[in-house]
Amino acid sequence: MTTSTLEPAPTKANPAAHLTDEDVENLGRELDAIREQIIASRGARDAAYIRKVINGQRKLELSSRAILLFSLFPPAWIVGTAGLSISKIVENMEIGHNVMHGQWDWMRDSKIHSTTWEWDNASPADMWKHSHNEVHHTYTNVLGKDHDLGYGIMRVDEDQKWMPFYLAQPLWNFINACFFQYGIAAYDLEIGKYLKGRTDKDEFRGNAKRVLAKIRKHATRDYLLHPLMSGPSALPTLTANLTANLVRNLWTHSVIMCGHFPEGVQTFEKTSIDGETRGQWYLRQMLGSANISGSPLLHFMTGNLSFQIEHHLFPDLPSNRYQEIAPKVQELFERYGLTYTSGSLPRQVASAWKKVFRLSLPNNFGRSRRVTKTEYAAIAA
Amino acid sequence: MTTTAPRPTAVGALRARVIKFAEQVTTPLVPADYLDVIDPLRSSADLRGRIVAIHPETRDAVTVVIKPGRGWRGHTPGQYVRVGVDVDGVRQWRAYSLTSRAGDDTIAITVKAIPDGTVSNHLVRRATVGTIVQLDQAAGEFTLGDASAKILFVTAGSGITPVMGMLRNMTDRHADVVVVHSAPTADDVIFGGELRMMARQGRIRLVEKHTDTDGMIDMERLDDLVDDLAERHTWACGPAGMLDALEARWGVDGIADRLHTERFRPTVITAGDGGTVTFAKSATVVDAEGSQTLLDAGEAAGVLMPSGCRMGICFGCVAPLRQGAVRDLRTGDVTTASPGDNVQIQTCVSAAAGPCDIDL
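Residue numbers (this note's numbering), protein chains in the order written: chain A, 1 to 381; chain B, 1 to 360.
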């Protein structure tokens, strides 16, 4: 028989130990009700929102690229680069990530649909949808199942085994941040698995070809054609595109690090998801995600991934509605005695980075939060 | 091997190059995505139109005048157009008869609100001038062709709409046209004023029946109203019962080839529990339980089904529902599709709610 209670990873105290199975199922029903409310009220206002965002982003991109035709003049370079950076961030986060989640499929508009969308990122849409929507969102924070935990190059949880490779993980993380879009593509390709000989060679080669073709296309666009179109401004336009891509990479990397790496986020044992109920799945999402607090502008620029908890509970609800359900979700956390992990962007980024540094060393190095075996037995009982 | 392909012209080659360049500059989108931001009605765009006027016809019917995009190829009177309208943010496609004169730079559809009709009620009561709608090119076989000069139209309710399209476009002043039209009351006759005016001008002979007071027309006794039925070519549009009766009568008389009918109300889809699921591309048909997901049903039958999380969150299993009804097992909500709709559904949380046809 499989156990029906959520099992935290061994070094952690179980923050949901006080909940009975019935509590967890009730929690699930309450969350279902929140979801129902949003679905019932989803309508023309939401559709107008996403169309406005897409329209605005395209206008911003067009005008920024137009301004960059004259990027020889420093003010044009600054304005154009800023506009292009913002445009790329919005395109990746509030639009691309969310459309590919199927958040807007209900509109039945074939142009804004998870099955047709392609984004300005090195990873092809279908590969991203597999590794992100399917693997990460289904197995969130399950050790050995959810590869988003450290992306296979870092140790971000005490319960991941330490290896000397991780000593340099602050450096790996910094490099990954700078080249994040390529990092994601490599990750979606499952290069690590391939190197260990655990993937079908032909399938891997086919996928790799597609990734390289997409990278070539995007690089041609950003680093060749648009600079050439700028004539005498070719070189500044090239640096503007490089800068915009770098800004987008750093920003998206920071925001995404805040979703599951900060202190207070729980990870889970592989066995704990055997026979998992709907309620237990919800509970795992609640404990495995962290929010970023801030202004509406911040929420928008993170693609509403600042509402990571709400997003993980309801990945297919329109992003513009997360803000509205956040207080209801928070109230549930309080009522069920759970911790709603949230903090400002600088705080959460710092917290995630601290973890990257701390866990580059083995657990017993210096002060650690390790729970002793007897303590754990007491908690798990 | 010899090829007979025409040699590309210089202009054609240049055009192809420009298009290729534009695509490279706009990847991963296509140039059209940006042009849509600027001019959604341009000729190369997906066909759309802008509502430029809405005229009330009766208490529950309006004529919607649409300026189609430059890609509109015109229509033949009697044809219909499929219109995609966003109702509560959801795109819904419906077919409506064109009632405008062919050759105008605007087109018109006339819509009667039917009970619980999502799109018709929206167009009649809530649509606003300026709204962009999606369009298909005009289609349909219900046209006059090279008709003889003796014509009979038999219509009921909003069945008058395609016929009005034909009447307004009739140029032959000497044509002998009879219109037999039924509606509940005089006020319910769509285009009542215009039809009566045509009758006064002698362009048509109008037989108007108000079913609230006169009762339904007995198709067996249509001769009482039109004595030279057999000599006429007849076009009929209205409820299925009326058309069935007409077809039976014309069949018995052996003049079925002189009858042209238009059934504009799609077959009403009523949601059931389970049903026959057809996977069109795999040529597989299975009987599915109301509690069984389409994903499970398809996989059990050996259909190559795309799948992912199997719990409704990843959208990896989405496939088009060509027609039929499915039920979301999480909420109980029913989604229906008529031919041409191709509604995208999540097969891992949807079950058959009656016969349905999946594009896999």
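Errors might be hidden in some of the hints.
With a straight-line Cα cutoff of 30 Å, these simulated BS3-like cross-link-like pairs (lysine-lysine) come out [what the hints assert, rightly or not]:
# : chain 1 : residue 1 : chain 2 : residue 2
1 : A       : Lys111    : B       : Lys209
2 : A       : Lys59     : B       : Lys281
3 : B       : Lys67     : A       : Lys59
4 : A       : Lys217    : A       : Lys193
5 : A       : Lys209    : B       : Lys281
6 : B       : Lys281    : A       : Lys52
7 : A       : Lys52     : A       : Lys209
8 : A       : Lys59     : A       : Lys111
Pairwise CB distance ranges, derived in the manner of DEER restraints [to be verified]:
#  : chain 1 : residue 1 : chain 2 : residue 2 : range
9  : B       : Met311    : A       : Gly337    : 42 to 50 Å
10 : B       : Glu299    : A       : Leu246    : 40 to 48 Å
11 : B       : Arg17     : A       : Gln37     : 29 to 37 Å
12 : B       : Asp46     : A       : Leu298    : 34 to 42 Å
13 : A       : Leu62     : B       : Glu247    : 42 to 50 Å
14 : A       : Ala33     : B       : Arg15     : 29 to 37 Å
15 : A       : Phe73     : B       : Met311    : 28 to 36 Å
16 : B       : Gly290    : A       : Leu246    : 48 to 56 Å
17 : A       : Glu203    : B       : Glu247    : 20 to 28 Å
18 : A       : Lys52     : B       : Leu225    : 55 to 63 Å
19 : A       : Gly43     : B       : Ala280    : 27 to 35 Å
No wet-lab data here; the hints were simulated from the structure. If you're wondering where the values come from, they're calculated on a predicted model, not measured in any experiment. Glycine residues also receive a C-beta, built at the ideal position from the N, C-alpha and C atoms.
Quick rundown of the hints versus the structure:
For a cut-off of 30 Å, the pair hint linking Lys111 (chain A) to Lys209 (chain B) is broken: about 47 Å separates their Cα positions. For the suggested pair Lys59 (chain A) and Lys281 (chain B), the alpha carbons sit about 40 Å apart, so the restraint of at most 30 Å is broken. Restraint check for Lys67 (chain B) and Lys59 (chain A): the C-alpha separation of about 25 Å stays at or below 30 Å, so the hint holds. For the hint linking Lys217 (chain A) to Lys193 (chain A), the alpha-carbon distance of about 26 Å falls within 30 Å, and the restraint holds.
At most 30 Å may separate the alpha-carbon atoms for a hinted pair to count; Lys209 (chain A) and Lys281 (chain B) meet this at roughly 28 Å. A C-alpha spacing of about 37 Å is found between Lys281 (chain B) and Lys52 (chain A), which places the hinted pair above 30 Å, so the restraint is violated. Using a Cα cut-off of 30 Å, the hinted pair Lys52 (chain A) and Lys209 (chain A) is violated, with the two alpha carbons roughly 35 Å apart. In summary, the hint linking Lys59 (chain A) to Lys111 (chain A) is supported, as the alpha carbons are separated by about 17 Å, within the 30 Å threshold.
The hinted window of 42 to 50 Å between Met311 (chain B) and Gly337 (chain A) is violated, with their beta carbons roughly 26 Å apart. As the Cβ distance of Glu299 (chain B) to Leu246 (chain A) is approximately 45 Å, the hint placing it in 40 to 48 Å holds. Remark: the range hint 29 to 37 Å for Arg17 (chain B) to Gln37 (chain A) is contradicted by a beta-carbon distance near 53 Å. Between Asp46 (chain B) and Leu298 (chain A) the beta carbons are some 36 Å apart, a value that agrees with the proposed interval 34 to 42 Å.
At roughly 57 Å, the beta-carbon separation of Leu62 (chain A) and Glu247 (chain B) lies outside the given 42 to 50 Å, and the hint is violated. Between Ala33 (chain A) and Arg15 (chain B) the C-beta distance comes to about 57 Å, which lies outside the given range of 29 to 37 Å. With their beta carbons about 54 Å apart, Phe73 (chain A) and Met311 (chain B) fall outside the hinted range of 28 to 36 Å. Separated by about 54 Å at the C-beta atoms, Gly290 (chain B) and Leu246 (chain A) satisfy the suggested range of 48 to 56 Å.
Range check, Glu203 (chain A) to Glu247 (chain B): Cβ separation about 57 Å, and the 20 to 28 Å hint is violated. Between Lys52 (chain A) and Leu225 (chain B) the beta carbon distance is about 56 Å. The supplied range of 55 to 63 Å therefore holds. For the hinted restraint 27 to 35 Å between Gly43 (chain A) and Ala280 (chain B), the CB-CB distance of approximately 31 Å keeps it satisfied.
Figure legend: structure checked against the earlier numbered hints; hints not met, in rising order: 1, 2, 6, 7, 9, 11, 13, 14, 15, 17.
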